[in-house]
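With the hints as your guide, set chain C onto chain V.
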Amino acid sequence: MNDQETVKAALADLAFLGDRATGAGMHRMAYSRDWSPRFKDMADLPDIVVVPHDTEEVVQIVRVALKHELPVIPFAGGTGMGGGIVAWKGGIMLETKGMNKVLEVDPANMSVTVQTGITIWELNERLAPYGLWLPHQPESKRACTVGAAIGCDNDSTFGVRYGKILDCLTNAVVVTGRGEAVRLGHRKASFSSTGYKLMHLLVAAEGTLGVVTEATLRVVTLPKTREVRAWVFRTLIDGARALERTLASGMSVESAHLNCRQRLHFYTHAYRQKFGKEPEVPDWAESILFLSFAGDEDVVQFSLNKAKAILEGEFQAEFVQEQELVEGYWDSKHRLAFLPFKQKWPDSQREKKFGAADVGVPMGRLEEMYRAFLDLSSKYDQQILGMTVYNESPNKVSPSISFAIFVDDSTHQAVQKFYGYVREMSLKAVELEGTMSTYIGDGDRLGGFNECEHGLSFQYMKELKALFDPKNIMNPGKKFESRWISAKC
Amino acid sequence: MTEYSSLKEYVDDIYTCNRTRCGFCSVECPVFRVKRMETYASRGRMLIARGLLEGVLEPSPEIQEVMDDCLMCGYCQARCALDNLHIFSAVRQELREAGFASPKHEKTANKILDEGTLFDRPIPYRRVGTTPLYLGCAYQSKPQEVQTIVSVLEKVGIDPLVSDEVCCSYIVGAVGFDDEYAQAQARFRQVYGSHLDKEILTVCPTCTATLRDEYHLNVKHALVAVAEKLQDMRIRPLSRQVTYHDPCHLGRMLGVVDEPRQILRALGLEVVEMEHHGIFSTCCGGGGGVLEVDRNLAIEVSKNRIRDAVAVGVSTIVTACPTCQPTLLRGAGRLANELGQFVDVVDLWELLDQALD
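First to last, the sequence lines map onto chains V and C. Using my numbering, read the first sequence as starting at 1 and increasing by one per residue. Using my numbering, read the second sequence as starting at 1001 and increasing by one per residue.
By construction, these hints were calculated from the structure, which means they are not laboratory data. Computed from a predicted model, the values in this text were never measured in an experiment. Careful, some of the hints might be misleading.
The list that follows gives simulated cross-link-like pairs (lysine to aspartate or glutamate, EDC-like), each with its CA atoms no further than 16 Å apart [to be verified]:
1) V:Lys-352 x C:Asp-1012
2) V:Lys-352 x C:Asp-1013
3) V:Lys-40 x C:Asp-1013
4) C:Lys-1104 x C:Glu-1065
Bound-form chain V, shown alone:
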């Protein structure tokens, strides 16, 4: 919370927004938390909520914030798991979803330019009549905006074919902490070798450099057909190696998700509801790999047959005969077609809630990381929900891993234990030549502590931050500071 006189003065300066700028308690309360694990009754109220409609209004808002030295927190989907939008230093909550216009659809150049407050779901509805889609597809896509995808660098179901948001982003407009609107990137060209790649800095910046207000995205043709299948393996690494071999054969795999046994349980709620039993998975199976192929029907059929031959012939994988199980998983992962009132959340989250360490390690260290997951979840009394390995670099086994557990958020001590688990998992990932986070971001949990991963480059990051945001008003308390994890390595 900031000084009330300052807040009052800032509100007066924001009067140009009319009723789209407010300091009323109910609006502040409505923006008081995201999906990250924190104490059940925790709420961080911003001082002011604003709903700008365009870049120019954002410039004016940031200038008011600069004048009064108030934080600016860009709010988008609000589904983040890392506390990225939590206003724990008060300030101005900038609701970006008021900026949801499609500015240009350019089918000839396979490009779309949008205001970043549009959700990925809405954008794809708008692109569908042109036979196009944005393939960056986080599971949160109903709520996740284009801006949130840029700010958080979140997961994409189809990463193994199309990569993530950065692989689609060609241009962006950002309102920096200097109160200036700056265009970054290379217009509609897919890449550029001039200057520095400043646009790349916006991806995973979590709004700490500025508010991204407009984006130009390279979109792709909607596939004519899609098929999803699953195979079980005796070990995790078998699943990963089988995927590498499948990609090496020259096929284009659209999605590749490797789950441990426990995680499958989380995604088969619809199956259990329908059949009243657990899906049949052999006792010996340690992992289950879901692959999807998309494109023309004959190519998809060929790919399925070829994948089957590789996985079963070379890796002794067993094909999952129950397609209902596979479709249930896909309903949960991509279609978001849960049965109303019976979806996997929030029913599974009444007692405890979803939380994860989201580390990345090279594929050869998967088994070691998984063993650390089992050990550390036990050490910190965390109930295992399971592991999913997403692959999110085009045509490569490129693990982005969710090591998920059910968090007890009933007491401060229990939540603190969860962050103890995240801390040790993060250190382990760095030890295994990996990274602390691949899709949740630093948020208010890894800031400062991430110096353990970055070393001297952490200081360069601070310098970069100061260049974009000299008064540290853009989403402070993130990236360089944590509420949960001490900075000591």
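Same frame as chain V, now just chain C:
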């Protein structure tokens, strides 16, 4: 600190939402589509409910206005495992007990309690027949539409019996007048008592849902009865392209989604679906008493629904609700200049009457 006894019943649901934040309910909420603020979507309202319970917020006219700006359309509930609508009704009830209720809602509730009807009726419609048909206040105020419905029912071989009616009083409960709602229900049972043990045909979606879910009566929407008899009928095909707007209570709450489409196709119409349809349809703007307290919001919601039809290239919307049709027509009228076209909104009963021999 206020007790909030009604709201405390839902404390588990409220905290579950607060701790989850999946956002499935938010962006497609028809009110959010206009306001673009979390406060007006279900998960924002759930945080307000928690704020009241914890004393972070106190009842105020501002909170009452926000809670009154809910269409009670149930979109959020269809996307969620929680009891959203009852929670919002409980918040309205708590606000009212704390002295914050819309005077317009008070007036409506009092009118229903005093006169037994929501709208003024020219002459109450009655008809001697064999199958009880409950028209409800909206249709009772529209004699021409009632003639059309009765004509269709006669053509398919149903002999409707329309007797004395009083309002089902849905809106009294929805805006947070719980005690008065109980009184109104008792009066309904008294007036309509002779039919309560029979199957009752209904035409208003809201009345149908209320009589089924709140009064626990054996009701059947008359369109379902018509759909059952349609294959035996002679039809003059109406060749054109339309889209169907599912009224919230008929589609989402009663699950009557297939029958209206079967009828439209049987009438020779090509049905193009809007993005939001079936149980995930979006409100016309006429729900939850919003028309009374925030007319501009209701009109903006209806305009968005018209835009949904235009987005799929259709210029005729068919619906089957005495609230949806005029509300959507109002939106279509306001949007005509911007779109350069007028999107017509037609009642399904009217099409049936035209097409049936």
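Structure-based check of all given hints:
no. : hint                    : in the structure
1   : V:Lys-352 x C:Asp-1012  : 12 Å, holds
2   : V:Lys-352 x C:Asp-1013  : 13 Å, holds
3   : V:Lys-40 x C:Asp-1013   : 13 Å, holds
4   : C:Lys-1104 x C:Glu-1065 : 12 Å, holds
This entry satisfies every hint, going by the numbered hints stated previously.
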